[in-house]
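> Each chain is listed here by its residues.
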Amino acid sequence: MSEREVAMLEWFKQCWPGPMVRDSVWMFAFGESMHFIGLCLLFGSMLVVDLRLMGFYKQISVGAALAFLPFALAGFLINAASGWLFFTSAPAMYWENSAFHLKMWLIVLAGLNALAFTLWEHRKVSLLGPGEDTPLAARALAGVSLLLWFSVLLLGRWLPLFTVGTN
Amino acid sequence: MIWRWLAWFEETEFATWIREGDFIAQPFATFYVLLGVHSIGMAIVVGICMMVSVRVFGFMRGAQASQINRLMRLAWWGFYINFASGLILLMGQPRREMITVAFWIKMIVIVMAVVSMRVMQKALASVEPVPDPDGRGTAVEVVPRAMRLMAFLIDIFWLTAIVAGRLVGYTQPPPPA
Chain A
1 MSEREVAMLE WFKQCWPGPM VRDSVWMFAF GESMHFIGLC LLFGSMLVVD LRLMGFYKQI
61 SVGAALAFLP FALAGFLINA ASGWLFFTSA PAMYWENSAF HLKMWLIVLA GLNALAFTLW
121 EHRKVSLLGP GEDTPLAARA LAGVSLLLWF SVLLLGRWLP LFTVGTN
Chain B
1 MIWRWLAWFE ETEFATWIRE GDFIAQPFAT FYVLLGVHSI GMAIVVGICM MVSVRVFGFM
61 RGAQASQINR LMRLAWWGFY INFASGLILL MGQPRREMIT VAFWIKMIVI VMAVVSMRVM
121 QKALASVEPV PDPDGRGTAV EVVPRAMRLM AFLIDIFWLT AIVAGRLVGY TQPPPPA
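Going line by line, the protein sequences match chains A and B. Numbering of the first sequence is given in the numbering used here, commencing with residue 1 and proceeding in unit increments. Numbering of the second sequence is given in the numbering used here, commencing with residue 1 and proceeding in unit increments.
So that you can see chain B by itself, here it is in the shape it has in the complex (with noise of 0.2 Å):
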């Protein structure tokens, strides 16, 4: 029953154009131009989280960790664009990406590093604050242990997310009849 709506919204007009249209005017298509979205998407949402690691693991102390979660805002900005352009991306021929594994491993990985991200920005806005001494931005917190297990994580689920959205391209099947 699905699948038939399926089959019956990829000949929308509005399907249709997401795969095969022009955005505005030649040559850009909108398939690409969604694309070119998602990727600013991710290079916001996965950057920041290693940046936000890389603090968490216990570099760059220089930063306080309250206001190294203040990235995190930004992350999700770029989590909010992905998810958006992802599912028109999905809109244009949502048979053919369900049938495809790397497609699902995808999705698995990245509600996981979604998880994961929550829990490590409330974790970190329970770190307690040290006095800056010298007011030149001097922090010395260190982050619990399981908090740095968690930023290996999020980077090790963003990373997946990147090489399974990879070969999403590479593995997909023709589109279904």
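In isolation and in its complexed conformation, chain A is listed as follows (with noise of 0.2 Å):
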């Protein structure tokens, strides 16, 4: 590791709430709980747009389906809230944790992959009625994203498999 990664991972470990998590028995408990809350209220939404997206649950109207992102979104930021705390009570553990790595990597390509289909595929699929197909890139593009946050997912779950340091 290099001085400089290491001056900066030094930094994280005294950003908020990284001291108060390794002082605290339950913080990180705290925590976890919070991560899987929201990664429930995450999966739940992506899978009801994404299913439907992919030709699943047709009788839906895309609309109605669509309006469940509102809770991926409030999913997302509970769990980057509480991944924010485990890694500033930790940085050096995960930043010398390949599958963490790649877990943000691939959480990267899911935020991009989001950015296509609402450039590119939102407002051509959200009037599509109960019944009606919706267009092979949106198909496609719903696909990648379970496929990506599934990933994510059970990268999350493994990450103590692949822990090298002990910060």
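FYI, nobody ran anything at the bench for these hints, they're computed from the structure. Among the clues, some could well be false.
Some chain A residues judged to face chain B by a derived CB distance under 8 Å, without partners named [stated by the list, open to error]:
(1) M54
(2) Y57
(3) G63
Footprint (simulated), chain B over chain A, 3 or more residues, beta carbon under 8 Å [what the hints assert, rightly or not]:
(4) 31 to 45
(5) 64 to 76
(6) 145 to 154
Derived CB-CB ranges, DEER-like [to be verified]:
(7) R148/B to T118/A: 30 to 36 Å
(8) F83/B to A116/A: 32 to 38 Å
(9) V114/B to R4/A: 33 to 39 Å
(10) W84/A to K122/B: 40 to 46 Å
(11) W84/A to E128/B: 31 to 37 Å
(12) L112/A to R148/B: 45 to 51 Å
(13) I24/B to S98/A: 15 to 21 Å
(14) L87/B to L109/A: 21 to 27 Å
(15) F162/A to V142/B: 18 to 24 Å
Treat the numbers as computed from the prediction; the structure is a model and nothing was measured. Every residue, glycine too, gets a C-beta built ideally from N, C-alpha and C.
Mind docking these for me? Both chains are given alone in their own frames, and the hints should help you get the complex.
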């Protein structure tokens, strides 16, 4: 690890709420519970949206399915906040973990995938009613979205398998 | 008697593989692979129940109650995944789980959630469908108040199960001798 990386990680380590989490027995457990609740919100809404876009549950209008998207955003924000809590508690442990890096890149990809859908497909599909088919591009983007988010979930659960440092 | 049998079972190759073995290859420990599957099931069952309850609370009325109810089937598949993976995880160290209070709290609220899901599914199926006036899924069915309470309880039961599940890892006593 370079000196610059060490300095950066030390800075993260002193960021709020890192020191508080390290001094507390229960704050990490609280963060984990919040992370799980956030992921349930995120996956619940993404499943409704993406499965409809992929052609399942076709009797739900696409507009009605898309209306669930704010819950995905809420879930993501809860997870970003609880994720920050984890990271500042032991930044080096996460930094040295290859699964953590892959997880972060997959989240970026999922974000870009959502951006591509918003820019190119959202307007086209939002007026589709019950029983109507979505375009191939929207189906593909929805499939990729679910694949990415489930990979993110598994990588998160498997982080301990790839831990190398002790912070 | 049962306790002694469980102690014997924990020594079997299968239980040891769950606790300490690798699933196909390193570093994929069986225990963590099962935890991963358990998380996927949780995301499906709890996530879908949350979305269905949002509709039952009276939001997202663009989706008809009967169609939202079809999502409950997906929620049940999430539950089956969790039941199977949870049962196998339990086989790894049954005695240790059984002396953990949070484990029993989790089991009780899961049973309550499952019973409530069944009740809500039946109640949703009985909601009189309102004709869709413009064919664009603008439904306006209003579900009974009691069903809203049921949806609220399902969310509370699942959230309690999540918190209790997390606490199992933190409050678990050492494995019994």
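> Is the hinted range of 45 to 51 Å satisfied by the C-beta distance from L112/A to R148/B?
Since the Cβ atoms of L112/A and R148/B sit about 38 Å apart, the hinted range of 45 to 51 Å is violated.
> Does the hinted range 21 to 27 Å hold for L87/B and L109/A at CB?
Given range 21 to 27 Å: violated, Cβ gap about 34 Å.
> If you check the beta carbons of R148/B and T118/A, does the distance land in 30 to 36 Å?
holds (32 Å)
> How does the segment 31 to 45 of chain A fare against chain B when you require at least three residues with a CB closer than 8 Å, holds or violated?
With 11 residues in contact (Cβ-Cβ under 8 Å with chain B), the coverage given for the segment 31 to 45 of chain A holds.
> At the C-beta level, are I24/B and S98/A separated by a distance inside 15 to 21 Å?
At roughly 19 Å between Cβ atoms, S98/A and I24/B fall inside 15 to 21 Å, so the hint holds.
> Against the range 33 to 39 Å, how does the distance between the Cβ atoms of V114/B and R4/A compare: consistent or not?
With Cβ atoms ~52 Å apart, the hint is violated.
> When you take the CB atoms of F83/B and A116/A, is the distance between them in 32 to 38 Å?
Holds: the Cβ-Cβ distance is about 37 Å, inside 32 to 38 Å.
> G63/A was flagged as interface toward chain B. Is the shortest Cβ-Cβ separation under 8 Å?
Nearest chain B Cβ about 6 Å off; hint holds.
> With a cut-off of 8 Å between beta carbons, are at least three residues of the segment 64 to 76 of chain A near chain B?
holds (count 5)
> Can the suggested window of 40 to 46 Å be confirmed for the beta-carbon pair W84/A and K122/B?
Given range 40 to 46 Å: holds, Cβ gap about 42 Å.
> Has the segment 145 to 154 of chain A got at least three residues whose CB is nearer than 8 Å to a CB belonging to chain B?
This one holds; 3 residues, not fewer than the three required, reach chain B with a Cβ under 8 Å.
> Does Y57/A pass the interface check with chain B, least Cβ-Cβ distance below 8 Å?
holds (6 Å)
Of the numbered hints given earlier, the model fails hints 1, 9, 11, 12, 14, 15; all others are met.
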